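Q: Chains as they are written, first to last, in numbering that gives the first Met the number 0: chain Y, 0 to 336; chain D, 0 to 310.
Any given hint could turn out to be false.
Below are the EDC-like pairs computed for lysine to aspartate or glutamate, each with C-alpha atoms no more than 20 Å apart in a straight line [what the hints assert, rightly or not]: (1) Y:200 with D:262; (2) Y:174 with Y:117; (3) D:250 with D:276; (4) D:268 with Y:225; (5) D:250 with Y:188; (6) Y:35 with Y:93; (7) D:250 with Y:197; (8) D:250 with D:201; (9) D:217 with Y:268.
Pairwise CB distance ranges, derived in the manner of DEER restraints [as the list claims (entries may be wrong)]: (10) D:87 with Y:328: 38 to 44 Å; (11) D:2 with Y:18: 30 to 36 Å; (12) D:289 with Y:108: 33 to 39 Å; (13) Y:22 with D:280: 55 to 61 Å; (14) Y:323 with D:201: 35 to 41 Å; (15) D:202 with Y:68: 28 to 34 Å; (16) D:280 with Y:35: 36 to 42 Å; (17) Y:328 with D:202: 48 to 54 Å; (18) Y:307 with D:130: 50 to 56 Å; (19) D:119 with Y:121: 55 to 61 Å; (20) Y:327 with D:106: 48 to 54 Å; (21) Y:103 with D:123: 42 to 48 Å; (22) Y:64 with D:118: 41 to 47 Å; (23) Y:64 with D:125: 24 to 30 Å.
These aren't lab readings, by the way, just hints derived from the structure by calculation. These numbers were taken from a predicted model, which means no experiment stands behind them. The beta carbon of each residue, even a glycine, is placed where N, CA and C say it ideally should be.
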Amino acid sequence: MNTANDLLTIRNLTTSFRIKETYHAAVEDVSLSLKKNEVLAIVGESGCGKSTLATTIVGLHNEVNTKVTGEIHYNNQNLTQLNEQQFNRLRGNDIGFIFQDPLSALNPLMRIGEQIAEGLVYHTKLSKQQRAERVLELLNQVGISNPERVARQFPHQLSGGMRQRVMIAIALSCKPSILIADEPTTALDVTIQAQILDLLKALQSETETGIILITHDLGVVAEMADRVAVMYAGEVVEEAPVQELFKNAKHPYTRSLLNSIPQTHSENERLEVIQGMVPSLKNLPREGCRFSARIPWIDASAHERKPQLHEIAPGHFVRCTCWKHFHLEGEEGGGAV
Amino acid sequence: MSFMQINDLNVHYPIRGGFFNTVIDKVYAVDGVTMEFEKGKTYGLVGESGSGKSTTGKAIIGLEKITSGQIFYEGEDVTNQRRNRNSAYNKDIQMIFQDSHSSMNPRKRVLDILAEPIRNFMKLSDQEERKRIKELLAIVGMSEDVLLKYPHEFSGGQKQRLGIARAVACNPKMIIADEPVSALDLSVQAQVLNFMKDIQTEYGLTYLFISHDLGVVKHMCDHISIMYKGRFVETGTRHDIYRDPQHVYTKRLLSAIPNIEPESRLERKLIRQKVEENYQKEQHQYYDEHGKVYPLKSISDTHMVAMSGGI
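Same shape as in the complex, but just chain Y (with noise of 0.2 Å):
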């Protein structure tokens, strides 16, 4: 799994959250890696622990309440051992970030040139003149027509999709190496989403950026992504290039989150429906394999008693034994071998 080109490694991160007097696991013994120029994508429910995941990338999880333990390497440092002041000099710098929400992430108070120029200033020796320039130069790149103007304006004069293009020229000021983008479409409509994905897709190409696409969107997915890791319950159950993801999917949580999309069935068809609801923090089964509460018509004999993630081919993960004898609810008999 490991290899030098590789630009980021996560290895066994957990980040657990205080509650009372006891922590828990959101994310657990996560390990990935992303490499240049290329889209890892991670995918799952709300509450399965894939934003947690990216902010503790970047350190943005609350100290105080937040345990964080297991490596994150990238460019020879420990990401997990850095204080403050170090984090500082790498976000922005070296590692953007897209967030979900462009409004709520702006400030409202600022200009928009001011406020792709802030990242500059910090981290670049750039001129006041070479800045201005720079963010032109930002707001042209992120196909925005009249830059002069919008560089004087403020958010609430951009519409949303406008206001994403903004947030994704701030993330790319400073020309950083990983991008981490956090449902960077959930909020706009299909045709602004569409340009935006192409948008970040000809960034990556021209300045060969490793992303992190956080999404619930299985069809951004399929869009954008070389490489997909689902997430459930805090843990990766499955990892696999886009392709064989969508053909081969393998976990009984990938096949049955497939199975939901209204697209894939013929129209008037009932949709599947995955049976209960993805468990609380609170209430997070720590043993044995967490989805097996959802599929009980499979034998509990199926699941391994400590599930591990297994390569059952090159570069494709899945956790637990339990997919060689799932099968959706209602089908007959065990799948696969």
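Since chain Y is already given, all that's left is putting chain D on it; use the hints.
A: Using the frame of chain Y, we list chain D on its own:
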């Protein structure tokens, strides 16, 4: 036969300004919308944010003032009776909101939330009322011990189901669903959609399904209208819209839906670019000089497109 017609519905908001705060301009939120509803069918209303689709829904149920136009319900003009407590219209048309959390009073228990429409419209004794509420909970698949809970104790999918239970409490004929599943996760979304289909077949409900998610709309709706800047650009059956889109705006919308086949990614990108090119090039055919959509023209029994000139 249609049981409800909407004729040339207009909702305009005035923009005030100038010296005496006079009306200087108007926002045409809904601009000449005409629709018909038949029993037991689902009508989709699709558009980007700001296209006026929610305003249309709200105007129909009476949460929004109508500037001009009529609404006929079972042959009767109900345009001015929409908020009348005694009118049948108010009881028969119900609504499901996008954000079920903010549509429920946080200080009321489930019991009172569900009882509200019943107390308003049906004269039932306390025991009958309780029985009806239990029935409703059974319909949406929830146990009776939720009766004394508050809205915040439920998950998003459960709250949305309570919202549906409240909407069906008085046996409505039509439900206006304003983005009912946009805030929900995929598997929960599937639950709610299945469930909406179930109660439709059971009670012969009509839905006006407002959404921006074309995948969901395709799954749910028999008849679809695409909206842009307060006007319809294209209406037709599901088949008309998805297999044979005519208006360039519809084509653009359809080409932007992400597909779950990673192999055809590049291909779709090329199509998307081509559609976008056409969109820039052929705009004058589809929009007049003010950027307004032309009136609808029939091109088949069910299919209508807004275009200039003949095709």
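Q: A separate judgement is required for each hint: does it hold in the structure or not?
A: Comparing the hints with the structure gives:
1. Of the pairs offered as hints, the one joining residue 200 of chain Y and residue 262 of chain D holds, with about 16 Å between alpha carbons and a cut-off of 20 Å not exceeded.
2. Pair hint residue 174 of chain Y plus residue 117 of chain Y holds up; C-alpha atoms about 14 Å apart against a cutoff of 20 Å.
3. The straight-line distance between the Cα atoms of residue 250 of chain D and residue 276 of chain D is roughly 12 Å, inside the 20 Å bound, and the hint therefore holds.
4. Note on residue 268 of chain D and residue 225 of chain Y: the hinted pairing holds, with a Cα-Cα distance of about 16 Å set against a maximum of 20 Å.
5. The hinted pair formed by residue 250 of chain D and residue 188 of chain Y meets the criterion: a straight-line CA distance of about 15 Å does not exceed 20 Å.
6. Distance check on the hinted pair: residue 35 of chain Y and residue 93 of chain Y sit about 13 Å apart at the alpha-carbon level, within 20 Å; holds.
7. Straight-line distance between C-alpha atoms of residue 250 of chain D and residue 197 of chain Y comes to about 18 Å, which keeps the hinted pair within the 20 Å bound.
8. Distance hint between residue 250 of chain D and residue 201 of chain D is unfulfilled; the C-alpha atoms sit about 35 Å from each other, more than 20 Å.
9. At most 20 Å may separate the alpha-carbon atoms for a hinted pair to count; residue 217 of chain D and residue 268 of chain Y meet this at roughly 11 Å.
10. Distance hint check: the CB atoms of residue 87 of chain D and residue 328 of chain Y are about 42 Å apart, consistent with the given range 38 to 44 Å.
11. The given range of 30 to 36 Å is broken by residue 2 of chain D and residue 18 of chain Y, whose C-beta atoms sit roughly 53 Å from each other.
12. One distance hint, 33 to 39 Å for the beta-carbon pair residue 289 of chain D and residue 108 of chain Y, holds here, with the actual separation near 35 Å.
13. Distance hint check for residue 22 of chain Y and residue 280 of chain D: the Cβ-Cβ separation is about 60 Å, which falls inside the suggested range of 55 to 61 Å.
14. Checked against the hint of 35 to 41 Å, the pair residue 323 of chain Y and residue 201 of chain D passes, with Cβ atoms roughly 39 Å apart.
15. For residue 202 of chain D and residue 68 of chain Y, the hinted distance range of 28 to 34 Å is not satisfied, since their beta carbons lie about 54 Å from each other.
16. As the Cβ distance of residue 280 of chain D to residue 35 of chain Y is approximately 38 Å, the hint placing it in 36 to 42 Å holds.
17. In this structure the hint that residue 328 of chain Y and residue 202 of chain D lie 48 to 54 Å apart at CB is violated, the actual value being about 26 Å.
18. Checked against the hint of 50 to 56 Å, the C-beta distance between residue 307 of chain Y and residue 130 of chain D comes to roughly 52 Å, which is consistent with it.
19. The given range of 55 to 61 Å is respected by residue 119 of chain D and residue 121 of chain Y, whose C-beta atoms sit roughly 59 Å from each other.
20. At about 42 Å, the beta-carbon gap between residue 327 of chain Y and residue 106 of chain D misses the expected band of 48 to 54 Å.
21. Checked against the hint of 42 to 48 Å, the C-beta distance between residue 103 of chain Y and residue 123 of chain D comes to roughly 45 Å, which is consistent with it.
22. Taking the beta carbon of each, residue 64 of chain Y and residue 118 of chain D are about 45 Å apart, inside 41 to 47 Å as hinted.
23. Range check, residue 64 of chain Y to residue 125 of chain D: about 47 Å between beta-carbon atoms, so the 24 to 30 Å window is missed.
Of the hints listed earlier, those the structure fails to meet are numbers 8, 11, 15, 17, 20 and 23, in rising order.
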